[in-house]
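A.B. asks: Here is what each chain is made of, one letter per residue.
Number of protein chains: 4
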Amino acid sequence: MNNAPRVTVWNEYQHEKTDPHVTKIYPNGIHSAIAQYLTRMGMIVQTATLEEPEHGLSDAVLSVTDVLVWWGHIAHEQVQEEVVGKVQQRIWSGMGLIVLHSGHFSKIFKRLMGTSCNLKWRNIGEQERIWVVDPSHPIAAGLEESFEIAAEEMYGEPFEIPTPDTLVFISSFQGGEVFRSGCCFQRGRGKIFYFRPGDQAYPTYHQPEVLRVIANAVNWAIPITGAKVQFGESTESD
Amino acid sequence: MNNAPRVTVWNEYQHEKTDPHVTKIYPNGIHSAIAQYLTRMGMIVQTATLEEPEHGLSDAVLSVTDVLVWWGHIAHEQVQEEVVGKVQQRIWSGMGLIVLHSGHFSKIFKRLMGTSCNLKWRNIGEQERIWVVDPSHPIAAGLEESFEIAAEEMYGEPFEIPTPDTLVFISSFQGGEVFRSGCCFQRGRGKIFYFRPGDQAYPTYHQPEVLRVIANAVNWAIPITGAKVQFGESTESD
Amino acid sequence: MNNAPRVTVWNEYQHEKTDPHVTKIYPNGIHSAIAQYLTRMGMIVQTATLEEPEHGLSDAVLSVTDVLVWWGHIAHEQVQEEVVGKVQQRIWSGMGLIVLHSGHFSKIFKRLMGTSCNLKWRNIGEQERIWVVDPSHPIAAGLEESFEIAAEEMYGEPFEIPTPDTLVFISSFQGGEVFRSGCCFQRGRGKIFYFRPGDQAYPTYHQPEVLRVIANAVNWAIPITGAKVQFGESTESD
Amino acid sequence: MNNAPRVTVWNEYQHEKTDPHVTKIYPNGIHSAIAQYLTRMGMIVQTATLEEPEHGLSDAVLSVTDVLVWWGHIAHEQVQEEVVGKVQQRIWSGMGLIVLHSGHFSKIFKRLMGTSCNLKWRNIGEQERIWVVDPSHPIAAGLEESFEIAAEEMYGEPFEIPTPDTLVFISSFQGGEVFRSGCCFQRGRGKIFYFRPGDQAYPTYHQPEVLRVIANAVNWAIPITGAKVQFGESTESD
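Protein chains in written order, with my numbering: chain B, 4 to 241; chain C, 4 to 241; chain P, 4 to 241; chain U, 4 to 241.
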């Protein structure tokens, strides 16, 4: 029997096809870079993109997905409400969700948070340093106390999200801003991890620490078998 | 200058017009019972109901509302998405929200929570005892350590909500069930309080402790002037 | 290689030697009943008691303990401060701690919480029903939505602890009281779980659901390898 | 009737008497600088220092103190355990506590947290920028989204504390480190705020934003009258 997590890496896959600078960094798309790494880590990985039917997220695909990784940026509005609704339901019943970078403005993340998910940003290729604030968290496994990304888009506070259940990372940027860059949430039975890097214009998803965090997060977010509970009318009474 | 909170009490106002048993308990609607009490407490109160244009929640009304109280049950689906969207935006910018009883399934509460808000229920008029678990919380001001409601609908765990920022009350019921019956959340700048009682078939909103909790919650949820922050692109850099 | 958790079950072991009613229920002590079960579950288990040198908690023992289970009641004051200090330090560096029932007043639990850990109690053999409020938590694995203990001491709110990081169980009692009976905390790298049952006068630690929860909690609390961090003076600067 | 908060500002008052550089910045001690400001804000303020009998914290003083402000650094060990115990008890019954800078290692703070309260530090006069992450929190009232301190000691993560109930501020430093610099906790009925600045070698407590935060925190931490609860044996049963 194979207990490897079954991961679906979703990407809107737009910049990589239209911006030569991005194509060069991610010739087969951001999803492929991430999927290749997770596959090497022994996970069972498939990818899905915006332009596929149902954005590649049919019931059949969702039902065999333990953890969904989400990258989106300029095409959030093109994601159909119906698909978003199905993903949300699947999360409530246990599927994990890893939301990357500009996915903070995705429909699915905003629906799960209930807030604007607004933040501050500046894209001039600043150095980012990501600090571990919860060193015993499994998502920080194998890391040093901090790691640097040489050039990235800046995201700064305030980040309008509900208070995370657990805060794993805080970033500082060259310009002096800070950001809660690794945040854990739970919605229903599903675990959600928001991870701040990386903008499509930088080779962030080729950096070992970033990939390691994504793999750690997948392992943390796999559904577990807890208690059997019933919702709805209860006729029984002691 | 008047610093009294400006409250709008919203009620779908259906049962009271169609079910004689309910009419007898709340001849002018649940909203009137609550509004009368809050007015006596010195608050500036107006009411709004489903059948008014824009459900009585125009921009003009929302802009002068510090705290919105919400009761709904059988007509959640009739509340227009556009109005829900405006209420949510107003909460993000600071308006408080008190959600009562079956309002756990209202569109606005589900949007703010991001979960199913599902629970267990049984409506046979059981005794409920509400216990204070955070005795120094302002919403518990003036209460004894617990109080009883003689007959109520039972709501039982699991209650599928995000972990509350603060848990103020837990209920036990005659049948042995328990429920997190007083839950604080924050979404954007807005404070939200979910309070479990009361079903329309019982005179719950005539009970002094229940009314006291609602008034306390309104006072807790009024917007405060915090820090001035900016979202969006930041051109400045140190 | 054996990855089984190494557990030390600590018991003050007083009632069982002096009260015939308790001796009959736990002829070899509460610690033995728990240790036997955990051993059957494949864990590497040892026991330790108050009257052993250093209460059985020497550096050698602590250094090979992944998770410490703690039961104490009438002899909290006899536990030496120095041993408590060593246990606390070991928890900060990752050892898990499962605190049972009247252990809420143990020195180690009070030191970790920073509060009085006070509560309400009544010991007349009431029925307790324990409800799962976080059904996807690993500590609830394998349970139904609630389970009953036929007779137990009652513990009631208010329970003066810091807000738990995660609330897994809430109990209701025959007398109508409620209690946060399964609470997760983290202190340093160490995970802590407080579990409410069981008083020495009842056969609670022979009940399958209770033992299952303890085993689940041990598995949840084992130290994990997270990030390497440094405290103290940092000479390096970017 | 006067509803002004009654504040006691406690300072170990050592550096100011022995280090000419510090004397110049705070000729009458850090406590005086803070007390003067809070008095100007309309509060009823007294001070207390290490060398007074009972460190100036007699029962009489504590019983009329709504909020205690604490600054200590090199003399933590000289604070008597008995006094610390009394302060802790008073906090449990509602007194607020504002812990400043190196007070993270004070006996009272460590007792309330239950952790090592360890952190990373470097004292070379780096620029600190303090960011508001919870803009609607009363402790952030009147602030811009961030403010700078021109030169300060650096405190960096990891900061070994329990997860704060609310995180109000995060700092970044010239060297790239980050720190959770404004943290709210509750222990018993008492509210606790840890605020990171300022080292005795810099004029931090003369800076308007820093003083404003301390005053805001005092107002936030004043005891409120909540519910009346009983601990201990309960003979009553429904």
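Mixed in with the good hints, there may be bad ones.
To be verified - Derived BS3-like pairs: lysine-lysine, alpha-carbon spacing no greater than 30 angstroms straight-line:
hint, chain 1, residue 1, chain 2, residue 2
1, P, Lys231, U, Lys231
2, P, Lys123, U, Lys27
3, C, Lys20, B, Lys123
4, U, Lys110, P, Lys123
Unchecked claim - Going by beta-carbon spacing under 10 angstroms, a handful of chain P positions derived as facing chain C:
hint, residue
5, Trp134
6, Pro161
7, Glu180
No lab work stands behind these hints, which were simulated from the structure alone.
In this text, a Cβ means the ideal position worked out from N, Cα and C, and glycines have one as well.
A.B. asks: Verify the interface restraint on Glu180/P: the C-beta must sit less than 10 angstroms from at least one C-beta of chain C.
C.D. replies: 7 angstroms, holds
A.B. asks: Take the C-alpha atoms of Lys110/U and Lys123/P, compute the straight-line distance between them, and say whether it is at most 30 angstroms.
C.D. replies: Distance of about 29 angstroms is within 30 angstroms: holds.
A.B. asks: Was the hint right that Trp134/P lines chain C, CB cutoff 10 angstroms?
C.D. replies: 5 angstroms, holds
A.B. asks: Hint validation: Pro161/P versus chain C, beta carbon distance must be below 10 angstroms. Holds or violated?
C.D. replies: 6 angstroms, holds
A.B. asks: Run the distance test for Lys123/P versus Lys27/U: straight-line Cα separation, threshold 30 angstroms.
C.D. replies: Status violated; Cα separation ~54 angstroms.
A.B. asks: Do the alpha carbons of Lys231/P and Lys231/U lie within 30 angstroms of each other, as the hint requires?
C.D. replies: Distance of about 46 angstroms is beyond 30 angstroms: violated.
A.B. asks: Hey, Lys20/C versus Lys123/B, does the alpha-carbon distance stay inside 30 angstroms?
C.D. replies: 49 angstroms, violated
In the structure shown, a violation is registered for the earlier hints numbered 1, 2, 3, in ascending order.
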